[in-house]
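Q: Let the sequences and hints guide you as you build the complete structure.
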Amino acid sequence: MHKSIVIDHLCRVEGHGGITVRIKDDKVADVNMDIFEGPRFFEPLVVGKNYDEVAPILMRICAICSASHTVASLMAVESALGIKVSPQTRLLRELLVQGGNIESHALHLFCLAIPDFLGYPSAIALASDHLQEVKMGLELKKLANTIQEAIGGRAIHSVNAVVGGFGRLPTRGALLDLKEQLKRGLEQSLATVDLVSGLQVPDFCTSPDVYVALSSDRAGYSLFGDKILLSTGETKDIGMYKEICNERVVAHSHAKQSLFKGKPFAVGALARMVLNGENLSGQAGKARGKLGLDTVSGNMLYNNAAQAVELVYSIERSTEIIDELLGAGIREEKPVEVEARAGTGTGAVEAPRGTLYHSYSFDKAGRLTEADVITPTAQNLANIEKDLRSSVENLIDQPKESIAPKLEMVVRAYDPCISCAVHLLEVNFE
Amino acid sequence: MAVKVAEEWLNICGGCEVTILDIGEPLLDLLPELDFVHMPVLMDHKYFGQTGEKDEMEIPEADVGIISGGVRNEKEKHVAEEMRKQCKTLIALGSCACFGGIPAMANMFPLEALYEKVFRDSKTTDSAETPAENLPPLLDRVYAVDEVVDVDVRIPGCPTNPDLVVQALTALLKGESFEIPERSVCDECPLKREKKTSGGEIKRMLESVEFDQSQPWDQTRCYMEQGYLCLGPVTLAGCGHKEGDGEGVTVPRCIKGYMPCRGCFGPIRKGANPLVDMMTAISSIGLDAKQVPDRRALLNRYIGSHKRLRPLPARPK
Numbered sequence: 001m002h003k004s005i006v007i008d009h010l011c012r013v014e015g016h017g018g019i020t021v022r023i024k025d026d027k028v029a030d031v032n033m034d035i036f037e038g039p040r041f042f043e044p045l046v047v048g049k050n051y052d053e054v055a056p057i058l059m060r061i062c063a064i065c066s067a068s069h070t071v072a073s074l075m076a077v078e079s080a081l082g083i084k085v086s087p088q089t090r091l092l093r094e095l096l097v098q099g100g101n102i103e104s105h106a107l108h109l110f111c112l113a114i115p116d117f118l119g120y121p122s123a124i125a126l127a128s129d130h131l132q133e134v135k136m137g138l139e140l141k142k143l144a145n146t147i148q149e150a151i152g153g154r155a156i157h158s159v160n161a162v163v164g165g166f167g168r169l170p171t172r173g174a175l176l177d178l179k180e181q182l183k184r185g186l187e188q189s190l191a192t193v194d195l196v197s198g199l200q201v202p203d204f205c206t207s208p209d210v211y212v213a214l215s216s217d218r219a220g221y222s223l224f225g226d227k228i229l230l231s232t233g234e235t236k237d238i239g240m241y242k243e244i245c246n247e248r249v250v251a252h253s254h255a256k257q258s259l260f261k262g263k264p265f266a267v268g269a270l271a272r273m274v275l276n277g278e279n280l281s282g283q284a285g286k287a288r289g290k291l292g293l294d295t296v297s298g299n300m301l302y303n304n305a306a307q308a309v310e311l312v313y314s315i316e317r318s319t320e321i322i323d324e325l326l327g328a329g330i331r332e333e334k335p336v337e338v339e340a341r342a343g344t345g346t347g348a349v350e351a352p353r354g355t356l357y358h359s360y361s362f363d364k365a366g367r368l369t370e371a372d373v374i375t376p377t378a379q380n381l382a383n384i385e386k387d388l389r390s391s392v393e394n395l396i397d398q399p400k401e402s403i404a405p406k407l408e409m410v411v412r413a414y415d416p417c418i419s420c421a422v423h424l425l426e427v428n429f430e
Numbered sequence: 431m432a433v434k435v436a437e438e439w440l441n442i443c444g445g446c447e448v449t450i451l452d453i454g455e456p457l458l459d460l461l462p463e464l465d466f467v468h469m470p471v472l473m474d475h476k477y478f479g480q481t482g483e484k485d486e487m488e489i490p491e492a493d494v495g496i497i498s499g500g501v502r503n504e505k506e507k508h509v510a511e512e513m514r515k516q517c518k519t520l521i522a523l524g525s526c527a528c529f530g531g532i533p534a535m536a537n538m539f540p541l542e543a544l545y546e547k548v549f550r551d552s553k554t555t556d557s558a559e560t561p562a563e564n565l566p567p568l569l570d571r572v573y574a575v576d577e578v579v580d581v582d583v584r585i586p587g588c589p590t591n592p593d594l595v596v597q598a599l600t601a602l603l604k605g606e607s608f609e610i611p612e613r614s615v616c617d618e619c620p621l622k623r624e625k626k627t628s629g630g631e632i633k634r635m636l637e638s639v640e641f642d643q644s645q646p647w648d649q650t651r652c653y654m655e656q657g658y659l660c661l662g663p664v665t666l667a668g669c670g671h672k673e674g675d676g677e678g679v680t681v682p683r684c685i686k687g688y689m690p691c692r693g694c695f696g697p698i699r700k701g702a703n704p705l706v707d708m709m710t711a712i713s714s715i716g717l718d719a720k721q722v723p724d725r726r727a728l729l730n731r732y733i734g735s736h737k738r739l740r741p742l743p744a745r746p747k
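Going down the list, the sequences are from chains A and B.
Be aware that the first sequence starts at 1, since it is given in my numbering, and climbs by one per residue.
Be aware that the second sequence starts at 431, since it is given in my numbering, and climbs by one per residue.
Hints were generated in silico from the structure; no laboratory data involved.
Don't be surprised by glycine CBs; every beta carbon is placed ideally from N, CA and C.
Mixed in with the good hints, there may be bad ones.
These stretches of chain B come out as covered by chain A in the derived footprint (C-beta under 8 Å, 3 or more residues) [said to hold, decoys possible]: (1) 464 to 475; (2) 534 to 545; (3) 608 to 621.
Derived Cβ-Cβ restraints for the label pairs, each shown as a range [what the hints assert, rightly or not]: (4) Arg726/B <-> Glu401/A: 34 to 40 Å; (5) Thr600/B <-> Asp226/A: 47 to 53 Å; (6) Gly82/A <-> Ala543/B: 29 to 35 Å; (7) Asn703/B <-> Leu199/A: 52 to 58 Å; (8) Gly479/B <-> Leu199/A: 24 to 30 Å; (9) Lys400/A <-> Arg634/B: 46 to 52 Å; (10) Glu234/A <-> Ser713/B: 38 to 44 Å; (11) Pro490/B <-> Gly119/A: 21 to 27 Å; (12) Gly82/A <-> His671/B: 36 to 42 Å; (13) Thr171/A <-> Glu486/B: 56 to 62 Å; (14) Asp26/A <-> His671/B: 56 to 62 Å; (15) Asp648/B <-> Leu131/A: 41 to 47 Å.
A: In structure tokens form, the structure reads like this:
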């Protein structure tokens with residue numbers, strides 16, 4: 001019988017992590033998701049900076065969810081300084097975040113996850129047999145770049161979304177162009193749903209989960225909201241995020257872990273689908289049924305299917321936003337004027353991998369005194385360990401060589417962003 | 431025969447890897463000529479054998495090695511050294527690899543002070559010791575890759591520019607060397623300059639430059655002459671993409687977004703001091719250089735390695 005399973009380095013995930021499983025008397029004694037990524041200490045880096053310098057630094061926690069970091073950061077600054085932005089600014093920011101969601105999900109599905117299900121070691125190998133599919137993934141990614149460039153000014157690490165609004169607004173022509181490209185994107189996202197519906201989803205990692213996501217701030221599905229919903233039926237105001245993300249430092253990780261009432265929980269596309277999925281309409285609503293996401297399974301491998309549904313959703317919603325912007329006509333407005341003041345505020349957004357919180361305090365000159373950023377992956381880490389444990393328990397009779405890749409598949413399903421989680425490096429001894 | 435490529439990421443956000451994918455179709459055209467032998471972000475190739483059976487780190491030999499990210503801990507240093515041993519040509523990709531990048535802003539603080547803030551004082555964290563179990567020890571500061579091993583090609587940027595990656599790979603495939611010409615962002619920038627400003631006040635980026643999107647680029651006034659701090663004069667050109675399928679003008683990336691340059695491509699030449707050079711550039715057009723807030727950090731934001739940023743001695747009381 002195995003003594004232990006050690007995966008020294010997870011591949012095809014964002015950042016540096018490993019898995020250690022210790023087995024004693026045929027029972028799983030210990031499961032660790034080891035995070036050895038070097039910390040980048042982002043939070044202390046912004047202490048003392050002026051309020052307008054915070055987002056350009058903190059968006060660089062992650063390139064893949066840079067749009068979400070940018071918007072959550074700006075919302076936190078504005079909440080702290082008591083700034084109200086226009087409805088147009090809110091729509092443009094949502095469009096930026098939808099672009100980020102399309103990019104992230106397309107990358108994860110085509111480059112990182114689908115090779116697992118089709119038995120390929122990499123997207124490069126996948127491309128030799130399934131060139132059309134890989135091309136489709138890259139085209140969806142390109143569409144997402146175009147959205148982020150049109151709204152944020154750059155495809156990665158945007159410059160145009162600033163405190164109070166936007167430096168430059170997209171022209172009517174640029175939005176019409178985007179709308180045209182989104183049509184093709186919608187077809188490709190539906191083809192992605194077809195592709196994912198044909199994949200066999202194994203059930204070795206099924207175990208009950210608590211799901212957490214922001215409640216929708218409007219009728220329908222949304223990536224924004226000021227209440228946190230839990231599948232236990234509880235709700236919290238986003239300002240109370242600390243009650244949910246009660247972080248602890250663990251010895252084997254440079255990322256902190258989150259527990260709610262001492263229990264792990266899951267955030268991300270599947271959590272959103274469980275909590276808000278019934279609000280989906282249009283093609284995304286149909287895709288949800290097609291991929292079997294209208295029932296709760298407790299199997300995190302379905303997170304990939306949830307991402308495919310969200311690809312469709314984000315593309316449909318982007319078109320809706322553009323129609324709304326064009327219908328009202330783009331108002332040439334400058335960012336809201338800011339008066340520095342002391343204050344504390346929190347911004348939250350559903351990033352591709354789950355709920356992302358930025359919370360800041362400022363002194364009366366508008367200089368940051370304290371920053372707290374809780375990333376989705378940090379919240380998921382304890383749940384990943386829970387799923388790894390139940391997977392090993394289900395697979396314990398199989399040879400080690402067969403268990404290890406399955407464990408990596410579980411981790412990959414969460415689409416973890418280890419760099420994000422270790423933006424600050426946090427750990428705890430128990 | 432295909433050229434063997436190994437790619438590694440160290441202290442990163444992933445933006446430079448995403449940039450490699452952003453090459454898009456031209457990447458698929460290059461693929462038959464490239465043989466990726468190691469690339470943890472995309473490929474299941476591990477350091478100590480696929481089942482962890484080996485004792486020594488094993489990175490396969492390659493013609494071209496690409497490293498993104500700076501060096502923050504002992505493990506990243508070890509990976510950089512192994513990459514150097516195994517790769518004939520080594521590329522530092524992105525400003526973190528070339529100059530430490532944003533994470534090197536941490537070089538302004540002693541390591542102990544950073545640990546204090548993040549692990550022990552963080553408001554959502556139960557107070558704790560610094561983690562150590564099985565974790566590689568941190569280095570005293572963030573290092574650029576060329577402070578640890580020799581680097582042959584530097585392609586900076588936060589993130590870098592897909593066009594440059596294609597140019598570099600294409601040159602290396604032909605057996606040629608690749609170097610970005612020593613030109614400034616201003617040398618490449620098409621905006622209209624009149625070599626003077628209207629007043630001495632430096633405006634905040636938030637106030638937003640004057641522009642008209644329907645006008646051609648050479649009818650838009652230089653942002654610095656409009657009174658904004660633009661790091662174009664002291665920053666290496668290379669971020670721009672030629673508009674109109676290679677026929678039109680090249681507009682630097684942030685300028686195209688109607689925002690001033692923030693210096694993410696780093697200094698124009700090795701050994702240059704953007705902090706000093708920028709103060710001169712500001713004064714030369716009549717702006718008051720003393721008004722630049724937090725200037726040591728601001729003008730070295732992406733380039734804090736090579737001891738450009740370091741803890742300042744405490745001021746005498």
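Q: Are the hints correct? Go through all of them and say.
A: Results of checking the hints against the structure:
1. With a threshold of 8 Å between beta carbons, the proposed coverage of the segment 464 to 475 of chain B by chain A holds, since 8 of its residues qualify and at least three are required.
2. Beta-carbon proximity to chain A at under 8 Å applies to 5 residues in the segment 534 to 545 of chain B; the threshold of 3 is reached and the given coverage holds.
3. Under a criterion of three residues with beta carbons nearer than 8 Å to beta carbons of chain A, the stated coverage of the segment 608 to 621 of chain B fails, only 0 such residues being counted.
4. About 53 Å separates the C-beta atoms of Arg726/B and Glu401/A, a value inconsistent with the hinted range of 34 to 40 Å.
5. The given range of 47 to 53 Å is respected by Thr600/B and Asp226/A, whose C-beta atoms sit roughly 50 Å from each other.
6. The supplied range of 29 to 35 Å is met by Gly82/A and Ala543/B, whose beta-carbon atoms lie about 32 Å from each other.
7. For the hinted restraint 52 to 58 Å between Asn703/B and Leu199/A, the CB-CB distance of approximately 55 Å keeps it satisfied.
8. Taken as a hint, the range 24 to 30 Å holds for the pair Gly479/B and Leu199/A, whose Cβ atoms sit roughly 29 Å apart.
9. In this structure, Lys400/A and Arg634/B break the distance hint of 46 to 52 Å, their C-beta atoms being roughly 59 Å apart.
10. Our hint of 38 to 44 Å for Glu234/A and Ser713/B is violated, since their Cβ atoms are close to 59 Å apart.
11. At about 22 Å, the beta-carbon gap between Pro490/B and Gly119/A stays in the expected band of 21 to 27 Å.
12. Range check, Gly82/A to His671/B: Cβ separation about 39 Å, and the 36 to 42 Å hint holds.
13. With their beta carbons about 57 Å apart, Thr171/A and Glu486/B fall inside the hinted range of 56 to 62 Å.
14. Distance hint for Asp26/A and His671/B: a CB-CB separation of about 59 Å, consistent with the stated range 56 to 62 Å.
15. Distance hint check: the CB atoms of Asp648/B and Leu131/A are about 42 Å apart, consistent with the given range 41 to 47 Å.
Figure legend: structure checked against the earlier numbered hints; hints not met, in rising order: 3, 4, 9 and 10.
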